[in-house]
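If you want the building blocks of each chain, they are given just below.
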Amino acid sequence: MGIEFRGITKKYPDGTVAVDDLNLTIEDGTITVLVGPSGCGKTTSLRMINRMVEPTSGSILLEGEDIRDSDAALLRRGIGYVIQHAGLFPHRTVLSNIATVPLLSGWDKNKAKKRAAELLEVVGLPAEVGKRYPAQLSGGQQQRVGVARALAADSPVLLMDEPFSAVDPVVREGLQDELLRLQSQLGKTIVFVTHDIDEAVRLGDRVAVLRVGGKLAQYGTPAEVLRQPVDDFVAGFVGKDRGYRGLSFLAADDVLVEDVPTVRVGSKPEGSDGWRLAVNDAGEPRGWLAPGSVVDGELVEGELLAGGSLYQQGTPIRGALDAALSSPASLGVVVDADGKAIGVVTARQVLDVIENHPEGVAR
Amino acid sequence: MIGEIIDWFTNSANWQGEDGVPTRVLQHLGYVLLSLVIATVIAVPIGLYVGHTGRGGVLLVGSGNVIRALPTLGLVTFLFLLFTDSDIAAIIGLVVLAIPPILAGTYAGLQAVDRSVVDAAEGMGMRGGQRLWQIEVPIALPIVLGGVRNAVLQLVATAAVAAYVGLGGLGRYLLDGLAILDYGEVAAGAILTALLAIVLDLVLATVQRALVPRGVRLAEAGAKKEVSA
Chain A
1 MGIEFRGITK KYPDGTVAVD DLNLTIEDGT ITVLVGPSGC GKTTSLRMIN
51 RMVEPTSGSI LLEGEDIRDS DAALLRRGIG YVIQHAGLFP HRTVLSNIAT
101 VPLLSGWDKN KAKKRAAELL EVVGLPAEVG KRYPAQLSGG QQQRVGVARA
151 LAADSPVLLM DEPFSAVDPV VREGLQDELL RLQSQLGKTI VFVTHDIDEA
201 VRLGDRVAVL RVGGKLAQYG TPAEVLRQPV DDFVAGFVGK DRGYRGLSFL
251 AADDVLVEDV PTVRVGSKPE GSDGWRLAVN DAGEPRGWLA PGSVVDGELV
301 EGELLAGGSL YQQGTPIRGA LDAALSSPAS LGVVVDADGK AIGVVTARQV
351 LDVIENHPEG VAR
Chain B
1 MIGEIIDWFT NSANWQGEDG VPTRVLQHLG YVLLSLVIAT VIAVPIGLYV
51 GHTGRGGVLL VGSGNVIRAL PTLGLVTFLF LLFTDSDIAA IIGLVVLAIP
101 PILAGTYAGL QAVDRSVVDA AEGMGMRGGQ RLWQIEVPIA LPIVLGGVRN
151 AVLQLVATAA VAAYVGLGGL GRYLLDGLAI LDYGEVAAGA ILTALLAIVL
201 DLVLATVQRA LVPRGVRLAE AGAKKEVSA
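Residue numbers (UniProt numbering), protein chains in the order written: chain A, 1 to 363; chain B, 1 to 229.
Hints in this document: simulated from the structure, not taken from any laboratory. For glycine and all other residues, C-beta sits at the position ideal for the given N, C-alpha and C. Incorrect hints may appear among the rest.
As the list claims (entries may be wrong) - Interface residues of chain B toward chain A, partial, derived using beta-carbon atoms under 8 Å:
no.	residue
1	Asp85
2	Glu122
3	Met124
4	Met126
5	Ile135
6	Ile139
7	Pro142
8	Ala210
9	Leu211
10	Gly215
11	Val216
12	Leu218
13	Ala219
14	Gly222
Using the sequences plus the hints, can you model the full thing?
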């Protein structure tokens, strides 16, 4: 049943319309991302789900029940809430921060602390962090604690308001991976707000693109939004690279993997024709040996040309194209799940597959 | 001059009886503490209400400034003429003096609490009172206590006006000394007032250290480091 927005409008006394007649059904157990430029009402819409903002008209159903029928504070205790700067309570330790909602709901103190310690592990933080204060944590760690605190209520619904936008890109990517991993275990109904379309297509099962003035522009899977934007606004918002990014949703099962001559690092290579892929004893690619290069004695890694990105078999085709384009040999190295090189692909082959694909990118 | 001061302090007559230093210090302290307690009881709840709800902030800051502009000596004289009672006039005058810093500190303390922290508390399902007492007050405590310390310093300095309406306290030495042009006594009164202020502030600093939660102190230290870096 999930969450249902029925004709939701939010108008402020000064006449500003933040959300304009929003109708949206958010399905159970999915990540739904609300995305759009600033002023599109995405945060306002999110905050209406836990009644931090009350709509001017329309109703929101949570599991089929109008949220106005329940007490606002009790409703909020049953909905996980994660915000941009984590909003951790600075005077409380990490463990008591996580235990906030259980304690508010009247749990026994020891039980709440035990639950908090479990959650610390769930979000990938070491146990000793529990005794620290928020000021002693990095931004990424604080955000993990914020997620743990939202999970503590064990509610089926999680609201996340730009939770990762204040951390640096590398940490952000780690947190996104972590969220996807958690979601695969927990199966929550997550509503996620971001202004970053890349984050939206990466995390969302469904993406709702909102335009300034609080109107829903398009609602669909990330692949649909990238391939078939409904109008110029959506097309402009998803960006110039949307064709390339759409490749993230295309399987690459049909790409032919070809054999490539390999040489083992530490052995004496023979012959000098064509590109040769250097692998270590475990079969993992280490770099390339250019055509015509002659090696005296044993091959050492320092003599190799650095390789491009690696494409792991079975992942979307975007990685295969990138591997081919980034390789000095114009041959994308394909590896198996263990990181062992199993062959190469060319950009030409990848493009053939894309062009002949029934769900072709631009169609 | 310095000789006169030393003479005054070493004269054992000045340490005994109704006009002795111990008596005058205790009287002074009494005025300060009584008016501090009354001012706190009035100002803190108003500051908490306005800071928590955000309603009436402009009115509060404006009226605080108006009160600040009142000259305490004039007010006490006026109240004395009104009530013809020295105690009431002096204490009301001092309470009025102490309210603005406590009010401003309480209000500013709550306003300074990070909006995302307040938002998170509300979003977690805390009710108004829970948010105020469990989150806002502990975090605001350093600034609230800063306002109280401010008030105490002003009270110690100004409680001398009590002598003006015929009461005791360290103000006696100032007025009586001036009356007979005994500048040693005047200076001694000033020195004792300053010492009392310093001692009280040290006591309050210790209280503050004990009351402010460790996490809040760490956050403050971290913020300072970021600014200087």
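For each hint, the structure was consulted:
For aspartate 85/B, the shortest C-beta to C-beta distance to chain A is roughly 45 Å, which exceeds 8 Å, and the interface hint is violated. A least Cβ separation of about 7 Å between glutamate 122/B and chain A falls short of the 8 Å threshold, and the interface hint therefore holds. Interface restraint check for methionine 124/B: the shortest CB-CB distance to chain A comes to about 5 Å, inside 8 Å, so the restraint holds. Residue-level restraint check for methionine 126/B holds (minimum Cβ-Cβ distance to chain A is 6 Å; threshold 8 Å).
Restraint check, isoleucine 135/B versus chain A: the minimum CB separation of about 6 Å is within 8 Å; hint holds. For isoleucine 139/B, the interface hint holds, since its Cβ comes within 8 Å of a Cβ in chain A; the closest pair sits about 6 Å apart. Contact between proline 142/B and chain A, as hinted, is not supported at the beta carbon level, the nearest pair being about 11 Å apart and thus beyond 8 Å. Checking alanine 210/B against chain A by beta carbon gives a least distance of about 14 Å; that is not within 8 Å, so the hint is violated.
This hint is violated: leucine 211/B has a C-beta 11 Å from the nearest C-beta of chain A, more than the 8 Å allowed. Look at glycine 215/B: its Cβ gets to within about 4 Å of chain A, closer than 8 Å, so that hint holds up. Residue-level restraint check for valine 216/B holds (minimum Cβ-Cβ distance to chain A is 5 Å; threshold 8 Å). Here the hint on leucine 218/B is kept, as its CB sits about 4 Å from the closest CB of chain A, short of 8 Å.
Among the interface hints, the one on alanine 219/B holds; its C-beta lies about 4 Å from the nearest C-beta in chain A, closer than the 8 Å criterion. Here the hint on glycine 222/B is kept, as its CB sits about 5 Å from the closest CB of chain A, short of 8 Å.
Checked against the numbered hints given earlier, this structure breaks hints 1, 7, 8 and 9; the rest are met.
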